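**Q** Two chains, two frames, some hints: make the complex.
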Amino acid sequence: MIIDLIEKLFPWTSNISSREQAKQRLKLVIAHDRAGLTPEMIESMRKEIMEVIGRYVDIDQEEMEFTLESNDRMSALIANFPIRRVKPEIIDN
Amino acid sequence: MSKIIVITSGKGGVGKTTVTANLGSALTQLGRKVALLDADFGLRNLDLLLGLENRIVYTAIEVISGECRLEQALVKDKRQPGLVLLPAAQSRNKESITAEQIKEVVNQLAQTFDYIFIDCPAGIEMGFRNAIAPAQEAIIVTTPEVSAVRDADRVIGLLEANGVKNIRLIINRIKPEMVQMNEMMSVEDVLEILAINLIGIVPDDTRVIVSSNKGEPLVLGHPTSLPAMAFNNIARRLEGEKVPLIDLMASQENFLSRIRRFFKG
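Those sequence lines, one after another, are chains L and G. Anchor point for the first sequence: position 74 equals 74 in the numbering used here, and the numbering is continuous, going up by one each time. Anchor point for the second sequence: position 142 equals 142 in the numbering used here, and the numbering is continuous, going up by one each time.
Take these hints with a grain of salt, some might be off.
25 Å max Cα-Cα, derived DSS-like pairs, lysine-lysine [what the hints assert, rightly or not]:
1. G:Lys-33 to G:Lys-242
2. G:Lys-103 to G:Lys-33
3. G:Lys-165 to G:Lys-3
4. G:Lys-3 to G:Lys-33
5. G:Lys-242 to G:Lys-103
6. G:Lys-165 to G:Lys-103
7. G:Lys-214 to G:Lys-33
8. G:Lys-175 to G:Lys-11
9. L:Lys-27 to G:Lys-11
10. L:Lys-23 to G:Lys-242
11. L:Lys-27 to G:Lys-165
12. G:Lys-165 to G:Lys-33
13. L:Lys-23 to G:Lys-175
14. L:Lys-27 to G:Lys-175
15. L:Lys-47 to L:Lys-27
Which residues of chain G face chain L? A partial, calculated answer using Cβ under 8 Å [unchecked claim]:
16. Arg-79
17. Val-146
18. Val-149
19. Asp-153
20. Asn-182
21. Met-184
22. Ile-193
23. Ala-195
For the record, the hints were derived by calculation from the structure and aren't laboratory data. All figures in this text were calculated on a predicted structure; none of them were measured in a lab. Glycine is no exception: its CB is placed at the ideal position from the N, C-alpha and C atoms.
One chain only, chain G, in its complex shape (with noise of 0.2 Å):
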């Protein structure tokens, strides 16, 4: 039985592209078969990331108006066999796919894959609507930001109006030192605000814009980085095993602090 997840955030520019390109990478090292749809149709960027752009011949448009078949369109990646990419479509007029023709490509991926992530677009708009049709599953991406975090909470009301039982938050970008200093939201506190489950903690890290200025994931790249392991863990979670979160707080920790912690207990 294939999972089918949405990657998905309501605000843009928060890690959506980047979270898909990195669980489908630590997936496939998990030795799972892991297909990506990037469903921004029109501002399709999962292959840059992936570093897969120079191989594109077919995109997902084709394979729905039938010009070509799906494994023709799928882009594999050479360093991770295991792994494919459906890419979007560039050029094309967008509003001419339904969430019917998604579902029926999703579908077809299914046969043949353990694991579907569609990269959904930002806004809560009919890219929106077509990316989440097929899913069973959702991640929501967010930031410790205020914008990010509304959008986030309009998205988790629409998905569950549309019936996607099983949503689950990563929270993204992280700044321990800030939290530290009350300048940012902790964990805690977006948990507090959002009230769903959450699968994962990715600390802020500049090496996530040296691998996207190379086009390969950190997990390949950089795989004993923080957010390498983070994402590793996400990926492990996804799997089911219960891997307790990593304690990003520990490093900004002073003497009193550490003293203060282990008389609490």
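Bound-form chain L, shown alone (with noise of 0.2 Å):
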């Protein structure tokens, strides 16, 4: 009782909004309905490009990113790979 009033009158106080969580929520759905690929393909995308990219640079795995988002209808592969290094005998040859 006293929480719900305490987030009427600080709205900043409480979590995230339904309102907002609906709206992200919705984002990820629909760029996976756009794109009209299942969980399995994009994780099978994401191993084979995190293979060739393993052959030249070492990858921060934790920091990575690998999503799909959708803009003005049109779908996009979001992938963000931090580079901890480059493999030295990449640097050697």
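**A** Now the structure itself:
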């Protein structure tokens, strides 16, 4: 009760609103719907791309991003692979 | 040149049939000749919302099979000269209808009427494909709920793939007080996600149910109610007029947010 009241008085104290949750969940699910890719396909795509990149550089696995996004009815694959270092054998060649 | 517009949503129960009945009535009041085609074979409801359920003799199926002429199947609305309903069959096998047959019927209607609205069944199967086949334009009806918006997005994709170019959106059943509390997506939120042109917004109103109880579209029974004004505005936009959106949030503003808005300009 009191918490509800406080959240109403100070909206910034509450967690993310259900309105914002709806938006974020929809954006994700619609990006997948539009692309027509199954989660398995995305996972195998991610693995193959990682494999190729991994031949040249070490990637920060924790910080990497690999998601589908949709803007203005266009789907895009957003990938962000932070590079820890270039593999020594690549530099030698 | 008549306009052939399909009213569709993907998800059921978001207000397609209510929109069809009210837009038809609103355009009739603007002096247009309007035909409403119920393409929801097996689960017809447009006749009920218009209060014409007792006057049906033939349906679109009899027209298609050649058992009657088109004019015999058209149900005229006595309260609104200029508006006719071509009902769907309630019993017959709907699988027997093809897109070509629906196109043929709509083309015949197009010779007499200024507007032909096709009330599309829910879903994206055969009935949906038949209903969108003759359409040049589409009106998508959605509500600010996750499932309705997701299905609307699917349907927009299918319409685009089928060559329907002019696709516009109605956001139905908005509750301004919930948007204000950040408990419902706003018009802007839905537009950001769907990225198509908006043709109107309709607030949630209990009178919509009352008018369906009576079989009398809101624009006839309660022309001064907010939803009826919203439908009338959409009708005028279809006619090419520039009509500003009703500011649904205005009633929700308190003193502080008004001051804030004043300074924002």
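**Q** All hints are to be evaluated individually against the structure, with a verdict given for each.
**A** Comparing the hints with the structure gives:
1. Taking the CA atoms of G:Lys-33 and G:Lys-242, the gap is about 21 Å. The hint holds against a cut of 25 Å.
2. Note on G:Lys-103 and G:Lys-33: the hinted pairing holds, with a Cα-Cα distance of about 19 Å set against a maximum of 25 Å.
3. A hinted pair counts as satisfied when its Cα atoms are at most 25 Å apart, and G:Lys-165 with G:Lys-3 qualifies at roughly 13 Å.
4. The hinted pair formed by G:Lys-3 and G:Lys-33 meets the criterion: a straight-line CA distance of about 11 Å does not exceed 25 Å.
5. The suggested pairing of G:Lys-242 with G:Lys-103 is violated, with an alpha-carbon distance near 31 Å, which exceeds 25 Å.
6. The suggested pairing of G:Lys-165 with G:Lys-103 holds, with an alpha-carbon distance near 17 Å, which does not exceed 25 Å.
7. Taking the CA atoms of G:Lys-214 and G:Lys-33, the gap is about 24 Å. The hint holds against a cut of 25 Å.
8. Of the pairs offered as hints, the one joining G:Lys-175 and G:Lys-11 holds, with about 19 Å between alpha carbons and a cut-off of 25 Å not exceeded.
9. Under the criterion of a C-alpha separation no larger than 25 Å, the hint pairing L:Lys-27 with G:Lys-11 is consistent with the structure, at around 18 Å.
10. A threshold of 25 Å between alpha carbons decides the hint, and for L:Lys-23 with G:Lys-242 the separation of about 29 Å lies outside it, so the pair is violated.
11. Restraint check: the Cα-Cα separation between L:Lys-27 and G:Lys-165 comes to about 23 Å, which is no more than 25 Å; the hinted pair holds.
12. Pair hint G:Lys-165 plus G:Lys-33 holds up; C-alpha atoms about 24 Å apart against a cutoff of 25 Å.
13. Taken as a hint, the L:Lys-23 and G:Lys-175 pair is honoured in the structure, with Cα atoms around 17 Å apart against an allowance of 25 Å.
14. This hinted pair checks out: L:Lys-27 and G:Lys-175 have alpha carbons roughly 22 Å apart, not beyond 25 Å.
15. Taking the CA atoms of L:Lys-47 and L:Lys-27, the gap is near 24 Å; set against the 25 Å cutoff, the hint holds.
16. Checking G:Arg-79 against chain L by beta carbon gives a least distance of about 40 Å; that is not within 8 Å, so the hint is violated.
17. Because the beta carbon of G:Val-146 sits about 5 Å from the nearest beta carbon in chain L, less than 8 Å, this interface hint is met.
18. The criterion of a C-beta within 8 Å of any C-beta in chain L is met by G:Val-149, whose closest approach is roughly 6 Å, and the hint holds.
19. With a cut of 8 Å, the hint placing G:Asp-153 at the interface with chain L holds, because the nearest CB-to-CB distance is about 5 Å.
20. For G:Asn-182, the interface hint holds, since its Cβ comes within 8 Å of a Cβ in chain L; the closest pair sits about 4 Å apart.
21. About 6 Å separates the beta-carbon of G:Met-184 from the nearest beta-carbon of chain L, less than 8 Å, and the hint is met.
22. With a cut of 8 Å, the hint placing G:Ile-193 at the interface with chain L holds, because the nearest CB-to-CB distance is about 5 Å.
23. At about 5 Å, the closest approach between the beta carbon of G:Ala-195 and any beta carbon in chain L falls short of 8 Å, and the interface hint on this residue holds.
Comparing the model with each numbered hint stated earlier shows that hints 5, 10 and 16 do not hold.
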